[in-house]
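Novice: Using the sequences and the hints given, assemble the complete structure.
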Amino acid sequence: MSTDTTQSEDILAIAARWKAEGEQVAIATVVETWGSSPRPAGSRLAVTASGRLMGSVSGGCIEGAVADAAKQAMSSGEPALLDFGISDERAWEVGLSCGGKMKVFVEPLT
Amino acid sequence: MRAEILARLQAERAAQRPVVLLTRLSDGEQHLWPQEALPAMLAEAARAALGAEKAANVMLDGEAWFVHPHNPPLRIIVVGAVHIAQAMAPMAAPLGFSMAVVDPRRAFATEERLPGVTLSTDWPDEAMVALKPDIRTAVVTLTHDPKLDDPALDAALRSEAFYIGALGSRRTHAKRVARLKDLGHDDAAIARIHAPVGLDIAAVTAVEIALSVMAEIVAARRGAALGQPRPIPAPEQGRVSIGIGA
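Chains as they are written, first to last, in numbering that gives the first Met the number 0: chain A, 0 to 109; chain B, 0 to 245.
Some hints could be false.
Said to hold, decoys possible - Okay, derived cross-link-like pairs now, EDC-like style, lysine to aspartate or glutamate, Cα gap no bigger than 20 Å in a straight line:
hint	chain 1	residue 1	chain 2	residue 2
1	A	70	B	26
2	A	18	B	43
3	B	174	B	159
4	B	53	A	31
5	A	100	A	62
6	B	53	A	77
Rather than coming from a laboratory, the hints here were simulated on the basis of the structure.
Just so it is clear, the structure is predicted and the values come from calculations on it, not from any experiment.
Specialist: Listed below in structure tokens is the structure:
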């Protein structure tokens, strides 16, 4: 499984561009994984308050929940550390069905 | 993330300098290394993360930090601005490589044929001195012309390039090996050259050959044991195993 953190898309460049366009932007980053998580630490997702999404932090399992948390981070201005895993009720609902666990850091771009 | 940190991070990346973003997870405080002086433990973790090309988590004074390395892109140096090089160019960037093409034949090495690629019309020996292939570089020769391919392979073999590939049939390669041995390269060095170049996917068109070469470069980068049969994992108990013929 891949362990490096290079991404084909430059999510940071996209986040910067959205910000320059006047959007409210948050960046989510996978910071830790256990088991068969689909994306390695360092994977990023950029989100806008208007609902634009680019990049990924999982195979699609938790992007929705992360986007919700990103919107909260944008309105509060505060970062958040999210835990997803099979032991977590909420994560089970949003379906990290690969059976892995991961932590995702969500921060507003200020 | 503050816009100012993002701008500095992107500037370092644009300048192709290695940079590490360190984030304190309790409050989102961020620093860049080596651009900022940091406590020794964080600096050491940042250095290690760059070397391993792998993000890490460290604890300092009871606080968790995320250490996120950003290395410059890997490079592919292609000798020969030929049709296969043109097909490789649009594959390189999405796979995380920046590509340079060397060809002293100015009719071939044009911006129109290879948009977005670093072009050199120097002779390959000079070009290789300037491009300095390192452990994050793949070198591929595509010209079939010993005058162009040989000096590039000679330089590649004297470098730490993680991948060296040479287009040409087995017969062509046998002759090439003899010439490279005359230049002082031993069997172990010669064995570094992937020839015929590319994974055997029975490629016919230039794009298919480009795909096979790119796949082989990715395999080398990821340390895949290609050419050896892959072990078939034992089926889990209770799961029905299907259809892998004995």
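Novice: Quickly compare the C-alpha distance for residue 70/A and residue 26/B to 20 Å and report which way the hint goes.
Specialist: Holds, at roughly 17 Å.
Novice: Taking 20 Å as the top limit, are the C-alpha atoms of residue 53/B and residue 77/A close enough?
Specialist: Violated, because 27 Å separates the two Cα atoms, which is more than 20 Å.
Novice: Going straight from one Cα to the other, do residue 53/B and residue 31/A come out at no more than 20 Å?
Specialist: 11 Å, holds
Novice: For the pair we were handed, residue 174/B and residue 159/B, check the Cα-Cα distance against 20 Å.
Specialist: Outside the cut-off at roughly 24 Å; violated.
Novice: Taking 20 Å as the top limit, are the C-alpha atoms of residue 100/A and residue 62/A close enough?
Specialist: 14 Å, holds
Novice: Are residue 18/A and residue 43/B close enough, with their CA atoms no more than 20 Å apart?
Specialist: With a Cα-Cα distance of about 33 Å, the restraint between residue 18/A and residue 43/B is violated, given a limit of 20 Å.
Of the numbered hints listed earlier, those contradicted by the structure are 2, 3 and 6.
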